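Build the full structure now, drawing on both the sequences and the hints.
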Amino acid sequence: MQTLISLARSEAVRTLGMRASATPYRKEIEQQLDTGNKVAIDFAGKDATQSFVDELIGALVLRRGRAVLASLSFKNCSEDVKAIIKFVVNDRVHQISTATAH
Amino acid sequence: MFGHLFESDAILLPKGLGSSDPTALFRICNQISECQGDVVLDAQDLVFVDPLGMATLRALFETQLLHKNISIRWLGNQITSYLHRMDFFADLEIQGVDLPNDRARNDLPGTLLEITKVSEHAQAENIASRLALAITGKLTRSDPDAPVNHATGKNEFDLYRVPIEYSLKELLENSLTHARRNGRGDAAVWVACQYFPKTKSVRMAIVDNGCGFLSTLEHHPKLTEPTDSAAIKAALLPRVSCNRGPLASYDRDSENQGVGLTTTARIAEAADGYLIVASGNAWLETKRSGEDSSPDSRWNGVAIAFVCSREKLPDVSVPKLLPVEEHDIDEELDFG
Chain L
-10 MQTLISLARS EAVRTLGMRA SATPYRKEIE QQLDTGNKVA IDFAGKDATQ SFVDELIGAL
50 VLRRGRAVLA SLSFKNCSED VKAIIKFVVN DRVHQISTAT AH
Chain F
65 MFGHLFESDA ILLPKGLGSS DPTALFRICN QISECQGDVV LDAQDLVFVD PLGMATLRAL
125 FETQLLHKNI SIRWLGNQIT SYLHRMDFFA DLEIQGVDLP NDRARNDLPG TLLEITKVSE
185 HAQAENIASR LALAITGKLT RSDPDAPVNH ATGKNEFDLY RVPIEYSLKE LLENSLTHAR
245 RNGRGDAAVW VACQYFPKTK SVRMAIVDNG CGFLSTLEHH PKLTEPTDSA AIKAALLPRV
305 SCNRGPLASY DRDSENQGVG LTTTARIAEA ADGYLIVASG NAWLETKRSG EDSSPDSRWN
365 GVAIAFVCSR EKLPDVSVPK LLPVEEHDID EELDFG
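In order, the protein sequence lines correspond to chains L and F.
Numbering-wise (this note's numbering), the first sequence opens with residue -10 and increments by one.
Numbering-wise (this note's numbering), the second sequence opens with residue 65 and increments by one.
Check before you lean on any hint, since a few could be wrong.
[To be verified] Take a look, some chain F residues computed to stay more than 10 Å from chain L by CB distance:
1. Asp73
2. Thr87
3. Ala88
4. Asp102
5. Asp106
6. Thr127
7. His131
8. Ile158
9. Pro164
10. Thr241
11. Arg303
12. Val323
[To be verified] Across the chosen pairs, the derived CB separations fall in these ranges:
13. Asp31(L) x Asn165(F): 46 to 54 Å
14. His83(L) x Pro290(F): 23 to 31 Å
15. Glu19(L) x Ser357(F): 56 to 64 Å
[Claimed, not checked] Listed below are the simulated DSS-like cross-link pairs for lysine-lysine, each with C-alpha atoms no more than 27 Å apart in a straight line:
16. Lys64(L) x Lys218(F)
17. Lys75(L) x Lys262(F)
18. Lys376(F) x Lys35(L)
19. Lys264(F) x Lys71(L)
20. Lys376(F) x Lys75(L)
21. Lys35(L) x Lys218(F)
22. Lys202(F) x Lys218(F)
23. Lys35(L) x Lys132(F)
24. Lys202(F) x Lys351(F)
25. Lys16(L) x Lys75(L)
26. Lys202(F) x Lys35(L)
27. Lys202(F) x Lys262(F)
28. Lys218(F) x Lys79(F)
29. Lys218(F) x Lys264(F)
30. Lys64(L) x Lys384(F)
31. Lys262(F) x Lys351(F)
32. Lys376(F) x Lys71(L)
33. Lys75(L) x Lys384(F)
34. Lys75(L) x Lys264(F)
35. Lys376(F) x Lys218(F)
36. Lys384(F) x Lys71(L)
37. Lys27(L) x Lys75(L)
38. Lys79(F) x Lys132(F)
39. Lys286(F) x Lys351(F)
40. Lys71(L) x Lys27(L)
Just so you know, the hints here were simulated from the structure itself, not pulled from any lab data.
All of these numbers come straight from a predicted model, not from anything done at the bench.
Even for Gly, the Cβ is constructed at its ideal location relative to N, Cα and C.
What follows is the structure in structure tokens.
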């Protein structure tokens, strides 16, 4: 089963930026993953900073490993948001790989 | 009653307080902090205070007023009015300043750019969004709610807003995360923004009164020597953070990537600007690599000024400014 989590809860915020804002969403995602569900994250109408995306997705990669990517999908991303997600995920996967190699 | 205003040992404020002369600004801060008794500031020469000067002095006054009285003499009407309009004096008991009875504000609701204190992470998102929206409203008359270009996901307003809001939030995140380490749980962050139409420049300041870069990075392998100057340079390197990798506290809720400050410096530079980063007794300007270090010029915390050109903001592409990364994981990402 796939659960859709929308990031559009606050209309006043266009660029999701703070880690504290990402944490409740990440916890919700983790709950779904723990029950075996896949999660689609909907970025419709939102920009995001690297910090927000890292707290939302990078932290999942750090805690659950690269394999968590198979359970996640990203909907309605602008090209900028896609690029930031790619940067964060690659950085965290490489960080895990480097730590393991040492 | 106002006899203290004529004391001969008053601290003479320079003509300008802000990013034009960081050494002078932080020397004044140091003099005020080091002053054992009450402080008298002589503002007869002062004609200009920018967001860095305003946020820094406000942060300093809030803490110093807990221990001493502060008075300002000869503060001109124009600058008094400006500082008053920016809420600089709000809830501060500064003596000797003749404040107007009511704030003559020309701003429309939702466009106020008053100096703002952020104490909690939870407040930061909405405060930074409000400030970014307000300052962008001074940069362009385009409609914030106009339809977006389908290729970019942005309208004209967004072209100005995105780099500003991104930078503001990354700098705020940086301050809120690092300032409260090493026993400084009471630290806060002050934010001030202003658009200067004459020079078409945007200036923002994010100032904290926390433990400073040297304290947070003292065990980091990238710190070349235990000085404030070296700590600032290390903090500007990509992937350097007191909270990344082996230095992270795994019992905490999150770990940083250490690229927020680096990317923000690159955004400023891409918009024909720069950052001034001050901590301890050093400061550094990112564009010309100008720097200064002086024992009598000091900021206890981190003070950052973001300066950029309005004209260049629409050309900024934030993703292109992120550190270079191998993209061998891209195919595992589902953007369907």
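We went through each hint and held it up to the structure:
no., hint, verdict
1, Asp73, "holds, 44 Å"
2, Thr87, "holds, 31 Å"
3, Ala88, "holds, 32 Å"
4, Asp102, "holds, 39 Å"
5, Asp106, "holds, 40 Å"
6, Thr127, "holds, 24 Å"
7, His131, "holds, 32 Å"
8, Ile158, "holds, 32 Å"
9, Pro164, "holds, 31 Å"
10, Thr241, "violated, 7 Å"
11, Arg303, "violated, 8 Å"
12, Val323, "violated, 6 Å"
13, Asp31(L) x Asn165(F): 46 to 54 Å, "holds, 50 Å"
14, His83(L) x Pro290(F): 23 to 31 Å, "holds, 30 Å"
15, Glu19(L) x Ser357(F): 56 to 64 Å, "violated, 45 Å"
16, Lys64(L) x Lys218(F), "holds, 17 Å"
17, Lys75(L) x Lys262(F), "violated, 40 Å"
18, Lys376(F) x Lys35(L), "holds, 23 Å"
19, Lys264(F) x Lys71(L), "violated, 32 Å"
20, Lys376(F) x Lys75(L), "holds, 26 Å"
21, Lys35(L) x Lys218(F), "holds, 10 Å"
22, Lys202(F) x Lys218(F), "holds, 18 Å"
23, Lys35(L) x Lys132(F), "violated, 47 Å"
24, Lys202(F) x Lys351(F), "holds, 25 Å"
25, Lys16(L) x Lys75(L), "holds, 21 Å"
26, Lys202(F) x Lys35(L), "holds, 22 Å"
27, Lys202(F) x Lys262(F), "holds, 13 Å"
28, Lys218(F) x Lys79(F), "violated, 41 Å"
29, Lys218(F) x Lys264(F), "holds, 22 Å"
30, Lys64(L) x Lys384(F), "holds, 21 Å"
31, Lys262(F) x Lys351(F), "holds, 21 Å"
32, Lys376(F) x Lys71(L), "holds, 23 Å"
33, Lys75(L) x Lys384(F), "holds, 12 Å"
34, Lys75(L) x Lys264(F), "violated, 34 Å"
35, Lys376(F) x Lys218(F), "holds, 16 Å"
36, Lys384(F) x Lys71(L), "holds, 12 Å"
37, Lys27(L) x Lys75(L), "holds, 19 Å"
38, Lys79(F) x Lys132(F), "holds, 25 Å"
39, Lys286(F) x Lys351(F), "holds, 21 Å"
40, Lys71(L) x Lys27(L), "holds, 19 Å"
Hint compliance for this structure: hints 10, 11, 12, 15, 17, 19, 23, 28, 34 are broken, all remaining hints hold.
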